[in-house]
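Chemist: So you can see what is in the structure, the chains are spelled out below.
Protein chains: 2
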Amino acid sequence: MFEFDINHTDGHARHGVLTTPHGPVATPAFMPVGTAGTVKGVTPTQLRATGAQMILGNTYHLQLRPTADVVRELGGLHRFTGWDGPMLTDSGGFQVFSLGKIRKIDDGGVEFQSHIDGATMRLDPRIATDVQNKLGADVIMAFDDCPPLPCEADRVEIAVMRTIRWAAECKEAHARTDQALFGIVQGGLDLRLREHCATQLAKIGFDGYAIGGLSVGESHDEMVEVLRPVVPMLPADRPRYLMGVGMPRDIVAAVAAGVDMFDCVLPTRNGRNSQAFTATGQLKMRNEKHRLDDSPLEAGCDCEACKFASRGYIRHLFNSGEMLGPTLTSIHNLRFYQRFLSRIRELIREDRLATIVNEYPIAAMPHAASDSE
Amino acid sequence: MFEFDINHTDGHARHGVLTTPHGPVATPAFMPVGTAGTVKGVTPTQLRATGAQMILGNTYHLQLRPTADVVRELGGLHRFTGWDGPMLTDSGGFQVFSLGKIRKIDDGGVEFQSHIDGATMRLDPRIATDVQNKLGADVIMAFDDCPPLPCEADRVEIAVMRTIRWAAECKEAHARTDQALFGIVQGGLDLRLREHCATQLAKIGFDGYAIGGLSVGESHDEMVEVLRPVVPMLPADRPRYLMGVGMPRDIVAAVAAGVDMFDCVLPTRNGRNSQAFTATGQLKMRNEKHRLDDSPLEAGCDCEACKFASRGYIRHLFNSGEMLGPTLTSIHNLRFYQRFLSRIRELIREDRLATIVNEYPIAAMPHAASDSE
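Going down the list, the sequences are from chains A and B.
0 is the number of the first residue of the first sequence in numbering that gives the first Met the number 0; add one for each residue after it.
0 is the number of the first residue of the second sequence in numbering that gives the first Met the number 0; add one for each residue after it.
The set of hints was computed from the structure by calculation and includes no laboratory data.
Be aware that a few hints might be false.
[Stated by the list, open to error] Each pair of labels, with its calculated beta carbon distance range:
#: 1; chain 1: A; residue 1: Gly320; chain 2: B; residue 2: Asp83; range: 24 to 34 Å
#: 2; chain 1: A; residue 1: Asp116; chain 2: B; residue 2: Asp177; range: 54 to 64 Å
#: 3; chain 1: B; residue 1: Arg290; chain 2: A; residue 2: Gly320; range: 24 to 34 Å
#: 4; chain 1: B; residue 1: Asp83; chain 2: A; residue 2: Glu287; range: 26 to 36 Å
#: 5; chain 1: A; residue 1: Ile115; chain 2: B; residue 2: Arg191; range: 51 to 61 Å
#: 6; chain 1: A; residue 1: Ile115; chain 2: B; residue 2: Lys100; range: 33 to 43 Å
#: 7; chain 1: A; residue 1: Asp116; chain 2: B; residue 2: Asp68; range: 47 to 57 Å
#: 8; chain 1: B; residue 1: Arg285; chain 2: A; residue 2: Arg121; range: 19 to 29 Å
[Stated by the list, open to error] Only some residues are given here: those of chain B computed to face chain A with a beta carbon under 7 Å:
#: 9; residue: Pro65
#: 10; residue: Phe79
#: 11; residue: Gly81
#: 12; residue: Asp293
In this text the structure is predicted, and so the values were computed from the model without any measurement.
Quick reminder that beta carbons are idealized off the backbone N, C-alpha and C, glycines included.
With the sequences and hints as input, model every part of the structure.
Modeler: Structure, rendered in structure tokens:
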């Protein structure tokens, strides 16, 4: 039911296909994030038109509201959201540590207060797996201990030990054969701990392997310094997923290191904040300079927004507080990411991934880069 | 360039076609409102899919932001908004009196403060026509004096005299032959004043005639008592447009009185407020009873929302503050209105408009009706 075939490599970079019960995913792949059961502001029809192949849902958010039981009653996450393609749910580990007010954490799991209504909740390997079994995504994630960076060495070591033990418990708890289970490698910036975690997870054996605990406060260079040695430690015949990443240059560096899958809120979050991705940088659409600009967000883009909307119109929508501004800019950004990944796959097939920066100068720009408005 | 052909009548009700430079409109027609250059939360592609034929833009809002000059620079309202079908702009009269803080009103025009930034603005027949010439809709409206109801008799009489004089000035100022100009009949609930206004406007001669100053505080019965005698006073060979109306039963009563065109914010405003129209009443989508309901908003509806979204999902979207809730419910409501008007046209062709209430019980319900949640 799950296969992963690598069709071509360019250095460490891989181009392949992940087969899931809801269809194939060409890799390297970028998954838009549908946190609470919707990629914000975009219908499933619009989302498909962006070229998205696989999308992500957040266990933490969905369990708080409407709860996994409600999603299951309403037919599971695919039926619930109207997305009939491949889906992945994270385990809630990252969100518990970044959003929740933690009340108690020990080797068994985490007790926290909901950021929505303050209710006391618990996530542990068994619960996180059970919730994801109920949600019914094609790929589910092991529950991990994911402390934010920078982090004291002792805490990182504890996180790695817990993450390994919890991963084994998740595999034990996993009750559906139509869902793949991925393990998550933790270890912060400590290569020794990363290697230990990767080795132990591979011994347990998972359908795929994720790198967690990056894009949580470290610099781009620090991230790359972890990725280059750590990615090759992951089983080469399984998909490798870098969680929560990221900006175009992060993605290119990670692909070059051998990563196959990505997810990030940037296209939609930035879109809601009036920032539009282009190959040459980000545009701030509230800016005065777009007032009389009849050109689309990006010349040559085939997204629903660029087919009709001028920059001047989109600026007007944001200045008027119209929902259509965030929606159109999110659609454009989602399409931008899919075109970008599609081009990355083509260039891998042509053994010239390194030339991506010629067509996408943004892939050489630091995180904060945007146009000089 | 503009034609209006009546193909069939059923009592006073008429079924016909209004031909505009941007295509035909089957009447009776319902125009969704795109106040600031967007039907809120809906892309032009989605709007077309609801069956909308003609949409409305508000001169008052567009002149405040981004201004008619900007819209003209960006190619006019069709190009600006991406709506390539027929469009109508109102004259700003109604908005000035309902939204603006009026500073000065006299027989020449109105000075008011913008509700956005407090800037002093002026609208008069010449400015309102000039602005609409710049916006470039297919149908533009004469600038009228539209006091809210209830209103003192003297004030209504002044409004009628001004409205007639202003209408003549608008016709004089109108500078584009590719835009039809409609006059607006005022007169509140005073049939003598309504008749005077209708007669005088017909003498001046317009491409179509609107009834303004209704749906501004009076009861349904009061509105119908005005419509029945006043609509037949309007030239029978020109389209008749009832501005700002309304609920299904208002529309049916007005169609039966011989009205051809309608506009109203209800489908989108109620949609944003989680109220979904169905033939049997309105649903409140935040209600607990929808939590585990896997059925669509309305059985048999072919809108983008009903094709995939359960009531339980839409309730979740509203409860989670997701943009997709307002968008999907607006799309459904817009489609509901278009299906409703389409059925009205069919029933007129079959000489049995009166049976509409059998299929649409909501068309017999008072304004506030909704389900008993």
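Chemist: So, for every hint listed, does it hold in this structure?
Modeler: Evaluation of the provided hints:
no. : hint                            : in the structure
1   : A:Gly320 - B:Asp83: 24 to 34 Å  : holds (25 Å)
2   : A:Asp116 - B:Asp177: 54 to 64 Å : holds (57 Å)
3   : B:Arg290 - A:Gly320: 24 to 34 Å : holds (31 Å)
4   : B:Asp83 - A:Glu287: 26 to 36 Å  : holds (28 Å)
5   : A:Ile115 - B:Arg191: 51 to 61 Å : holds (60 Å)
6   : A:Ile115 - B:Lys100: 33 to 43 Å : holds (39 Å)
7   : A:Asp116 - B:Asp68: 47 to 57 Å  : holds (49 Å)
8   : B:Arg285 - A:Arg121: 19 to 29 Å : holds (28 Å)
9   : Pro65                           : holds (5 Å)
10  : Phe79                           : holds (5 Å)
11  : Gly81                           : holds (3 Å)
12  : Asp293                          : holds (6 Å)
Violation of the numbered hints given earlier is absent; every hint is satisfied by the structure.
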